[in-house]
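Trainee: Sequence:
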Amino acid sequence: MKLKVFSVGWEPSFIDELLTPIARLTGIEFTHGLVGDASRLSWAGRQYPQLKFVALSKTREEPLPSPDYELLASLESVGVPTVRNMIRGDRVLRYRSETEAFGYATLLALKLQEKLEELQPDVVLASHDSMHSAMSLAVAKSKGIPWVALAFPVIPDNLTGFCLSLTPDSLVPLVRPVDEQIRLDARKIIRSVGGKELKVVAYRAPASLSQWLRQYLLHAKNLLRRRQSMEAMGIDRFTYPSVAERMRDVARRTFNRVRLPVGRMLQSPPDARYVYFPFHMAPESMLDTWAPFYQNQLEFVTQLSGAIPADTDFVIKLHFSDPDNYSRRQLMQLMKLPRLHIAHPSAAGNLFVDEAALVVGIQGTTCLEAALRGKPVLIFGDSPYLHFPRTERAKRPDELHGQIVNMLDRAPATDEEIEHAYANYLARYMPGRINDWSNPLDQRELRSMADCFIALGSYIEDRNNRSNWYLRPPFLLG
0 MKLKVFSVGW EPSFIDELLT PIARLTGIEF THGLVGDASR LSWAGRQYPQ LKFVALSKTR
60 EEPLPSPDYE LLASLESVGV PTVRNMIRGD RVLRYRSETE AFGYATLLAL KLQEKLEELQ
120 PDVVLASHDS MHSAMSLAVA KSKGIPWVAL AFPVIPDNLT GFCLSLTPDS LVPLVRPVDE
180 QIRLDARKII RSVGGKELKV VAYRAPASLS QWLRQYLLHA KNLLRRRQSM EAMGIDRFTY
240 PSVAERMRDV ARRTFNRVRL PVGRMLQSPP DARYVYFPFH MAPESMLDTW APFYQNQLEF
300 VTQLSGAIPA DTDFVIKLHF SDPDNYSRRQ LMQLMKLPRL HIAHPSAAGN LFVDEAALVV
360 GIQGTTCLEA ALRGKPVLIF GDSPYLHFPR TERAKRPDEL HGQIVNMLDR APATDEEIEH
420 AYANYLARYM PGRINDWSNP LDQRELRSMA DCFIALGSYI EDRNNRSNWY LRPPFLLG
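Numbering (numbering that gives the first Met the number 0), first residue to last: 0 to 477.
Think of the hints as simulated: they come from the structure by calculation, not from any bench.
Hints may be right or wrong, so weigh each one.
Said to hold, decoys possible - FRET-style restraints, in silico, Cβ to Cβ: (1) D461 to R226: 47 to 55 Å; (2) P48 to T301: 50 to 58 Å; (3) D353 to E416: 42 to 50 Å; (4) R225 to Y68: 31 to 39 Å; (5) P473 to R226: 42 to 50 Å.
As the list claims (entries may be wrong) - Dumping the calculated SDA-like pairs for lysine to any residue here, alpha-carbon to alpha-carbon at most 25 Å: (6) K1 to L115; (7) K1 to E444; (8) K3 to P155; (9) K394 to Q294.
Everything numeric in this text was worked out from a predicted model, so none of it was measured.
Glycine included, every Cβ here is placed at the ideal spot set by N, Cα and C.
With the hints as extra help, turn the sequences into a complete structure.
Mentor: The structure is reproduced here in structure tokens:
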């Protein structure tokens with residue numbers, strides 16, 4: 000069986016860097032659906048004549064179809080985000096009018112239906128971001144075509160998997176046997192996390208005048224690149240914010256950062272027992288796609304604070320990548336909540352995890368770090384970290400207080416329990432590469448990524464796997 004893959008929303012340069020060499024190594028037949036202004040198809044064809052592209056959007060001159068609410072409602076199902084949440088989770092469409100947002104959703108649905116019927120791929124390959132990925136899942140599921148998105152764990156950062164829906168725990172079960180090597184890897188990583196040796200690669204917001212100047216210079220360079228590459232990037236109203244919108248956001252964040260109430264923020268953990276919640280960066284797929292009902296973290300904190308026992312403090316920490324996403328007024332309002340403290344975004348997060356009686360997360364790497372330390376962890380989203388000892392999925396709002404009280408009283412997990420859970424976690428992924436594409440692929444990483452696609456193809460070849468793609472039971476820890 001020669002695997003036919005239809006990619007959705009991948010950029011041509013990234014396709015050429017990753018999928019083109021994978022096609023050479025595996026014989027997989029790729030067709031690529033591009034979003035953005037459909038005029039970019041001509042540029043992509045000239046730049047990459049060996050690749051096959053189709054348009055999933057329209058040109059600027061073509062009219063947007065009227066919203067087809069019946070069509071969109073027919074595509075909503077269990078395991079697929081509602082169209083409202085697709086719009087809320089799209090960092091551009093959330094700012095468009097109802098008519099435009101639902102009209103664009105209709106356009107994508109119609110185009111995807113047309114292309115999937117025409118191409119009959121074995122699998123749709125999308126991502127975890129934006130309306131086009133979510134809509135491709137909805138349309139693929141309606142036609143019984145398997146859908147996947149690449150998944151990259153952060154600890155460690157050299158593994159890769161495939162999700163079969165828009166939540167990170169929905170991994171395609173390409174499970175490796177838990178052998179002595181995986182157990183050894185698990186023990187080494189657990190020790191490095193406990194010893195604070197492991198550093199997660201992530202963007203950090205500017206903290207000095209020189210860093211701010213470099214950041215503004217980068218904004219200017221990006222604006223110039225945008226003007227010079229309009230055709231190549233396919234810039235339109237549905238996939239990119241306008242220049243004015245981007246400039247307003249930069250101005251908003253600058254004003255917020257200048258007025259950040261740092262004098263009221265904690266630099267170290269309090270002496271009292273506390274529940275710890277580190278904010279997620281926003282916008283980001285961890286919230287927008289994986290947990291859209293918790294996008295408003297200010298509201299989330301306000302509601303969660305009401306479930307925390309009276310004898311326990313509540314410490315939240317702004318994400319170091321975007322502490323300027325919230326106004327001084329919003330943060331001061333949070334500080335009025337009883338026994339609530341805000342930790343400085345540059346404070347050492349591992350210290351707050353170490354001293355916390357309970358760590359709370361919607362998704363996020365902090366949940367894994369806490370679980371590897373044996374801490375009780377309360378998670379609100381669908382996460383692969385739910386399979387660790389002392390980790391629980393949040394219950395209904397009226398049950399949260401009792402759940403938190405019980406978790407605060409639980410003994411830490413044993414080393415054996417943690418190692419067993421983590422080894423099984425690692426086995427759900429295959430050797431791959433870090434999800435940092437600023438570093439070029441080397442041949443070893445490319446071979447590993449090709450092996451991932453070969454394993455996916457072998458799994459899809461099984462007729463039973465294909466027919467039960469959207470009926471898979473949840474993962475259970477062995």
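Trainee: Each hint: holds or not?
Mentor: Hint-by-hint comparison with the structure:
In this structure, D461 and R226 meet the distance hint of 47 to 55 Å, their C-beta atoms being roughly 49 Å apart. Take P48 and T301: their Cβ atoms lie about 55 Å apart, and the range 50 to 58 Å holds. A hinted range of 42 to 50 Å is violated for the C-beta pair D353 and E416, which are about 19 Å apart. Taking 31 to 39 Å as the suggested C-beta distance range, the pair R225 and Y68 conforms, at roughly 33 Å.
Between P473 and R226 the beta carbon distance is about 48 Å. The supplied range of 42 to 50 Å therefore holds. Annotation: proposed proximity of K1 to L115 holds, straight-line Cα distance about 17 Å (limit 25 Å). Between the alpha carbons of K1 and E444 the distance comes to roughly 23 Å, so the proposed pair stays at or under 25 Å and holds. Among the hinted pairs, K3 with P155 is inconsistent with the structure: their alpha-carbon atoms are about 30 Å apart, more than 25 Å.
About 18 Å separates the Cα atoms of K394 and Q294, which keeps this hinted pair within 25 Å; it holds.
Violated hints, in rising order: 3 and 8; the structure is consistent with all others.
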